[in-house]
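J.: Please build the complex by placing chain R on the supplied structure of chain C, with the hints as guidance.
So the protein sequences, as listed, match chains C and R. Numbers 1 to 555, taken from the numbering used here, label the letters of the first sequence in order. Numbers 556 to 655, taken from the numbering used here, label the letters of the second sequence in order.
Hints were generated in silico from the structure; no laboratory data involved. Since we're looking at a predicted model, the values are computed, not measured. Incorrect hints may appear among the rest.
[Stated by the list, open to error] Taking lysine to any residue and the SDA-like style, the derived pairs with C-alpha atoms no more than 25 Å apart in a straight line are:
1) Lys633(R) / Arg523(C)
2) Lys633(R) / Glu528(C)
3) Lys214(C) / Ala126(C)
4) Lys633(R) / Pro521(C)
5) Lys633(R) / Ala126(C)
6) Lys633(R) / Leu654(R)
7) Lys633(R) / Ala520(C)
8) Lys633(R) / Tyr130(C)
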Amino acid sequence: MAPRISVLTTVFDPEREHLEACLRSVVDQDFTDWEHVLVDDGSTKPWVADVLAAAAAADPRVRVIDRAENGGIVAAANDALDAASGEWVALLDHDDELEPTALAAMLDAAGDDTDVVYSDHDLLRADGRYASPSYKPDFSPERLRSQNYITHFLMARRSLVDEVGGFRPGFDGAQDHDLVLRLTEQARGVAHVPQVLYHWRQSPASVTSDSANKRWAFEAGVRAVADHCRRVGIDATVEHTEHDGCYRVIRHVTEQPLVSVVIPTRGSSGRVWGVSRVFVVDAVRSLLEHSTYTNLEFVIVHDTVTPEPVMQALDRLLGDRLVAVEYDRPTFNFSEKMNIGALHASGDLLLLLNDDTELIEPDSIGELVGLLADDDVAMAGAKLLFDDGTLQHGGHVYHHDLMHICDGWSGDSPGPWPLRPLAVARECSGVTAAASLIRRSVFDEVGGFPEALPLNYNDVDLCLKIRDRGYRIVWTPWASWYHFESRTRHSVLRPEEYQFINQRWHTEINNDPYYNLNLAPNRNDWLERPLRSGAPPIETRPNAARRLVDRLRSR
Amino acid sequence: MAESEIDDDPAALRAEIDRLRELVGPSEQSYADLRHELLAARDAARGAEATAGSLRGQMAELHVALDRALQDQEHFQKTVFSAIRFGRRRVGRAVRSRLL
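Next up, chain C with everything else stripped away, as it sits in the complex (with noise of 0.2 Å):
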């Protein structure tokens, strides 16, 4: 009888402990109905051949094959798959480790719908000590573009592996990438294990440790993203950016349909950088004179209070492009505000963008448009900085509290190792309302923002209601304000509205699929719970503190 999983591993030169350790992971299993199946991808180290007899003879599952010579890790991944007799197939290194409960929790989380199952993952360093844990978000698969954030721990159904062609020729290097992108492109359904189930180790041979060592590997990753793109009908090109095995798709916008700018404002002034401006006459002028897109409406919804000559300037700067609508409540309401200016769009896309704004990235309006191309991505938010360069805003996380990812951190970082989730376009649970793109027809079919929730917490609610319905909500690097948040307004925190959040949303809040369960809560900087961080991989990882002594010293 076939047994449940086949672990799939090729074989070539590792290190004699190392090679040992890992076929001890899999013996080791708690989960007994597996098959071992080893590909000797031309060895020339004379013990590999009899550690892998030994292990054969000393297990009938375990199972090896020989290849005459060395073909490379793609053709060795084949035979492994062609002799794989498993319902299962699951990937493992030939010098990498399984936690003894590795196949029982992956099985456990594999429902009938379940085509592909992944876990969390760390490094194995050379001193034997775990380092570095990859807490992954559920699937995400804009991230996945961006980076092959699941890497190991992964187990398909074997019926899917063959029908997407196994391991393609010419992609040595991402090849896992490649394979896993085809995989989740026709799968039913993605799983999430949230637990260390592999420790991937950390050799100098290995992307995991020099990077340098494998830009060829990127390059074969950008093939692969660009072919995916292909396949699901993406028109972009892909870039490697300056983080490793982060990529950039760049959707080409070739039409440009009408965005509605909606500002809501009351005319205020204050000093940025030393300067007085105008905040919503400075707003709407950088997006005049440096967005590349250009088919924008501006529907300025101001209060009665707003001084006539900011009018004025507005009307000479928009001409007949701009939609002046008066708000004339007694008191403030961002929702009621917003809802007001969406009624007045004549768009079918709605950007929502605070008045305190300045434009940086020239792209930013077609980078959101590009990914509101995907029929269910309803909403794209931008990265916002402070005027001191920090991030304002990377996205929301509800992680037991209402957050903004990594505020405060250096705008160019790209976040907490070793995800970086600042470095990569991704899907998220919430967006900020202060510079976002939106379908106008998801505005209007989830009802638009809260009126019950005038200053805070309105975005969260218009965010989870999108999620409701379905739709993604995607976040990008590759769109950027500046946002000078509160210089308009002061901030009030009011306990009734976050109630008012807490009861309609208190699961939603509370787990975050962006996130992880294993991250402390009330956090957004990625903090692992206590003692599961393990050490940094100490011989590559970027510091902050040496960043901070070189950037001092550097004066």
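T.: Just chain R now, kept in the frame of chain C:
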């Protein structure tokens, strides 16, 4: 004066010119220079803010590393101390039972 308040009356227009001249000063070049200096000052302020922000950002990252170390230390200490207390009680009990 707001634009809407200016009518086509030559006297009013002249008064407005005088007001603007008063704001600009006798030399329009000085106004241009002033504006140039203002923009230079803005850029300097912006650069200084960015430098401070960069340091603040790195401090934020260091705070996370520090929090990680502190929480692990606290957790480790709790584990070790409770093990020591447990061991000490057992040893004490064993010693007392022998003495008695």
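J.: Measure nothing beyond the straight line between the CA atoms of Lys633(R) and Pro521(C); if it is 25 Å or shorter, mark the hint as holding.
T.: Cα-Cα ~20 Å, so holds.
J.: Regarding the pair Lys633(R) and Tyr130(C), is the alpha-carbon distance no greater than 25 Å?
T.: With Cα atoms ~21 Å apart, Lys633(R) and Tyr130(C) stay inside 25 Å; holds.
J.: Are the Cα positions of Lys633(R) and Ala126(C) separated by 25 Å at most?
T.: The given pair, whose Cα atoms are some 28 Å apart, is violated under the 25 Å limit.
J.: Tell me if the straight-line CA distance from Lys633(R) to Arg523(C) falls inside 25 Å.
T.: 22 Å, holds
J.: Quick one, are Lys214(C) and Ala126(C) close enough, alpha carbons at most 25 Å?
T.: 19 Å, holds
J.: Taken at face value, is the distance from the CA of Glu528(C) to the CA of Lys633(R) at most 25 Å?
T.: 18 Å, holds
J.: Lys633(R) and Leu654(R) were given as a pair; does the straight-line alpha-carbon distance stay at or below 25 Å?
T.: It is violated: about 31 Å lies between the C-alpha atoms, which goes past 25 Å.
J.: Holds or violated: Lys633(R) and Ala520(C), Cα atoms, limit 25 Å.
T.: 18 Å, holds
In the structure shown, a violation is registered for the earlier hints numbered 5 and 6, in ascending order.
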